[in-house]
Amino acid sequence: MHQSASAVALVSAALILAGCSAVGPVTPTPAVDGGDSADGAIPDGADTLPATVTRVVDGDTVEVRAGGETDTVRLVGVDAPETRGETYSAEFEGVPDTAAGRACLARAADNATAALADLVADRDVTLAVDPLTDRRDRYDRLLAHVVVDGSNANHRLVETGRARVYDTEFALADRFYESERAAQDERRGLWSCADEPTGHAGLQLRVRVDAPGDDRENPNGEYVALVAGDDAVDVGGWTVSDEAGREFTFPEGTTVPANGSVRLYSGSGEDTSTEFYWDEGAVWNNDGDTAFVRDADGDLVLEHSY
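Numbered by this note's numbering, the letters in the sequence shown go through residues 45 to 350 in order.
Mixed in with the good hints there might be a few duds.
Pair ranges (Cβ atoms, derived) [as the list claims (entries may be wrong)]:
| no. | residue 1 | residue 2 | range |
| --- | --- | --- | --- |
| 1 | Thr98 | Asp341 | 48 to 54 Å |
| 2 | Gly84 | Gly313 | 44 to 50 Å |
| 3 | Arg252 | Arg182 | 41 to 47 Å |
| 4 | Gly84 | Asn264 | 41 to 47 Å |
| 5 | Asn329 | Tyr183 | 28 to 34 Å |
| 6 | Glu222 | Arg252 | 32 to 38 Å |
| 7 | Pro94 | Thr293 | 46 to 52 Å |
| 8 | Glu213 | Ala238 | 23 to 29 Å |
| 9 | Asp341 | Glu314 | 18 to 24 Å |
No lab work stands behind these hints, which were simulated from the structure alone. Remember, it's a predicted structure, so these values are computed and weren't measured experimentally. We treat Cβ as the ideally placed atom computed from N, Cα and C, and that holds for glycine.
Turn these sequences into a full structure, and let the hints steer you where they fit.
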């Protein structure tokens, strides 16, 4: 989206004041949602500008108000799947160029937008122009790191697997690439799209994440189900975990019956041979999460992201 000449001039002028930052240094604060620390959130030598996010356009673009004018900001160093138009699987290493892979990336695009909104929507932020990048792209969008409460939202998207690193030169690139590799290895967020959607050893994984009513008052309205085909599957010692690291282990001797299922409810209850209770309260985030299933050796055998 192109802004008026006055808006562009205002933001650009504020960012190049006599070689100084438009605001003072950011005071380190606790990380956002367990994300990166405040140290290094703003690159050394970056020009900065206070702003308020007025709209999250998609997983890597926001609109802001700064100095009484509006502008569009493209988050530097990151690329989220497209919410409009086509996302090319080849841009996301390991994601198959299949209908299933593209559909998975489409879901990941919505998740990235929701994740960015959770971080910055309607928030006062600091815009930091990376000293190694252009100030604006070919669409005249300001290229910047968006820093909220001392945490770099651009990096947070990469760290949680909501976006890939955009292959260009910028000051924090090494840190971003390291976080991207970790997200890929652990199949966080969009990187789960690299996995085949079929099951393991005849099993399929199904997750009901949104319980009827208030999830906190009805935690057993959400569950994970392991569904077997023609053969029963021994899942004793297998674990189910979420992105936050909460984990449940099926007791020894647990078997998913042929053409049947085993369910793990989030709340409390009396375990049976095919129904188990995590006793965790609400587990699954309605706005996006990943269920991981590992076998008794700790190997990842099933996962489901939404």
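Check the following: the C-beta atoms of Thr98 and Asp341 are separated by a distance inside 48 to 54 Å.
-> Given range 48 to 54 Å: holds, Cβ gap about 50 Å.
Indicate whether the distance between the beta carbons of Pro94 and Thr293 respects the range 46 to 52 Å.
-> For Thr293 against Pro94, whose Cβ atoms are near 48 Å apart, the range 46 to 52 Å holds.
Has the hinted range 23 to 29 Å been met by the Cβ atoms of Glu213 and Ala238?
-> With a Cβ separation near 26 Å, Glu213 and Ala238 satisfy 23 to 29 Å, so the hint holds.
Cβ distance range 28 to 34 Å for Asn329 and Tyr183, holds or violated | 32 Å, holds
Hint check for Asn264 and Gly84 - Cβ pair distance inside 41 to 47 Å = 43 Å, holds
In this structure, is the beta-carbon distance linking Gly84 and Gly313 contained in 44 to 50 Å?
-> Holds - the Cβ-Cβ distance for Gly84 and Gly313, about 46 Å, lies within 44 to 50 Å.
Range hint compliance [Cβ, Arg252 to Arg182, 41 to 47 Å] | 44 Å, holds
Confirm or reject the claim that Glu222 and Arg252 have a C-beta distance inside 32 to 38 Å.
-> 35 Å, holds
Distance restraint hint 18 to 24 Å, applied to the beta-carbon atoms of Asp341 and Glu314 = 29 Å, violated
Comparing the model with each numbered hint stated earlier shows that hint 9 is the single one that does not hold.
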